[in-house]
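Chains as they are written, first to last, in UniProt numbering: chain A, 1 to 269; chain B, 1 to 274.
Errors might be hidden in some of the hints.
Claimed, not checked - Not the full set, but computed from the structure, chain B residues with beta-carbon under 8 Å of chain A:
#: 1; residue: Glu40
#: 2; residue: Gln88
#: 3; residue: Arg108
#: 4; residue: Gly238
#: 5; residue: Leu243
#: 6; residue: Leu268
#: 7; residue: Val269
#: 8; residue: Ala271
Worth flagging that the hints you see were computed from the coordinates, not collected in a lab.
Note that the coordinates shown come from a computational prediction; the quantities given were computed from them, not determined experimentally.
From the three backbone atoms N, C-alpha and C, an ideal C-beta is built for every residue, glycine too.
Here is how the chains run, residue by residue.
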Amino acid sequence: MRLTLDGVCLSYEGSAGERVRALDDVSLALSGGVTGLMGRTGSGKTTLLEVMAGATPADSGRVRPEGPGEVGLVFQQPERQFFEPTVERETTFGLCVRGVPAPEARERAARALALMGLSLDELAGRSPLSLSGGQQRRVAIASVLALRPTLLLLDEPTAGLDPRARRACLRAVRSAADAGATVVMASHDANALAEVADRLVVLEEGRVTLDGAARELLADAPLMRAHGLEPACAARAACALRRAGVSVPGSPLTADELAGAIMAGRGRP
Amino acid sequence: MGERAVEARGVSHAYVPGRPTLCDVSLDVSPGELVAIVGENGSGKTTLARHLNALAPLQEGALRVAGIDAADQSRVWELRRACGMVFQNPENQFVSSVVGEDVAFGPRNFGADEKGARDAALSALADVGLAGFERRDVHALSGGQQQRVALAGVLACSADVIVLDEATSMIDPRGRDELVRAVTRAREERGATVIWITHDMELAARADRVVVMRDGEVAADGAPEDVLANETLLEGAGLEPPLVVRAWRELEEAGVVVGPAPVTVEGLVSALCD
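Build the full structure now, drawing on both the sequences and the hints.
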């Protein structure tokens with residue numbers, strides 16, 4: 001699904017009765033790939049995802065989805081929204097209400113769970129609430145993935161996850177995009193976005209202040225800091241090494257790339 | 001025994017009979033220490049933390065926190081005062097929407113008079129860098145500020161031991177840094193003992209000690225540079241070494257560096273500049 005936002009503005013009433021501008025003239029055109037959405041707490045990321053999903057109407061501007069399929073929105077801490085007594089019913093609920101026959105719904109839920117590193121056969125009868133925190137998050141995301149949305153919006157999906165659950169989550173995000181979905185992932189985690197994002201959009205006080213290739217932006221530690229964001233760990237290390245006089249060419253974003261850049265700086269292939 | 005901030009011996013716990021969440025955990029923490037506890041989701045970290053301030057009843061083993069026997073039901077409130085917790089989602093632990101009232105709730109509940117509770121709240125707010133915030137609405141604060149209000153609530157009760165359970169996972173990096181600075185100050189100025197449960201290996205690398213939990217057991221307990229540079233151990237516990245360690249191993253394999261792996265960016269810089 002393609003999504004175009006044109007001059008989107010949205011404000012709400014603050015606790016002291018003042019108008020708070022949550023989104024200020026946001027224009028974006030999204031078509032495929034993974035777009036990372038970064039910004040400090042309160043910068044408008046969650047509001048933007050809700051507007052993109054059509055869950056919150058904009059005050060002005062246009063939000064235009066084009067193309068077949070539906071929108072999947074994974075809220076922050078989606079595990080708080082469990083309402084079915086078993087994992088099987090939770091993950092097939094969305095499909096069943098859309099009239100998908102039970103065997104197919106089960107098959108699709110099983111695949112979505114497998115993508116998140118979980119087995120429906122093992123968990124089918126368990127209460128979602130009896131699972132560990134990381135398993136709960138993965139079940140909640142799988143419930144949305146099972147719908148095979150063509151626009152997938154995720155709000156801090158990796159927050160609080162252990163490395164195994166985090167890896168599964170990032171793999172699922174990437175594979176949804178590889179299957180043709182347009183994916184937007186809001187996150188504070190520069191290291192996670194370094195692994196999956198093609199494009200990066202930065203919000204500050206409701207305005208888009210950076211929009212470009214994720215690799216280039218995430219690897220630029222001074223630029224990220226100037227926008228109040230934490231650079232990816234490899235970019236921070238490269239920056240600190242350069243300040244100490246160590247040659248680190250290129251824009252490393254992963255451990256492999258950092259090691260490669262340090263070797264290149266020493267004239268090693 | 002009373003000299004240790006935490007002394008656990010053979011602590012086991014099962015929420016469902018026959019399916020233990022904690023198995024025979026023994027752990028000592030000295031006063032003023034900062035101990036990071038890492039482990040997969042479901043490894044028992046939170047259950048262990050909940051034992052420290054009697055949120056989970058002691059089923060098996062012995063546990064003393066700040067010199068108080070956790071099995072002694074008559075001292076539960078004393079234990080909860082001595083050991084305070086800061087949880088993942090700060091909004092879940094506020095009892096008032098006004099910052100000063102929320103922070104004063106603990107001391108008032110533990111018997112302080114109005115003035116005593118208010119003074120304790122103001123002093124704790126100053127210690128977490130939120131002096132002047134007492135009339136603010138907690139829900140209008142940033143995530144980092146909210147976590148510092150939660151920390152102030154613990155400090156206002158004069159807690160000796162502070163347990164932070166994934167306290168940085170829902171806040172942005174700036175909020176995390178604010179909380180880390182406030183915790184550091186509490187250690188330096190109040191001599192507080194800190195137990196920090198986290199998935200953030202960079203944060204764990206800054207602790208005095210790192211404890212690794214696996215399947216309800218303590219799989220390792222040692223200095224960050226020993227524990228976090230041990231890939232086999234971490235991978236066995238479903239964890240990943242810090243990025244700096246992974247990069248170092250590649251450099252080591254290529255014959256570019258020798259010696260123990262650094263676990264922080266600062267450590268990497270000094271290792272490569274030496």
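Comparing the hints with the structure gives:
no.: 1; hint: Glu40; verdict: 5 Å, holds
no.: 2; hint: Gln88; verdict: 6 Å, holds
no.: 3; hint: Arg108; verdict: 25 Å, violated
no.: 4; hint: Gly238; verdict: 5 Å, holds
no.: 5; hint: Leu243; verdict: 4 Å, holds
no.: 6; hint: Leu268; verdict: 6 Å, holds
no.: 7; hint: Val269; verdict: 5 Å, holds
no.: 8; hint: Ala271; verdict: 10 Å, violated
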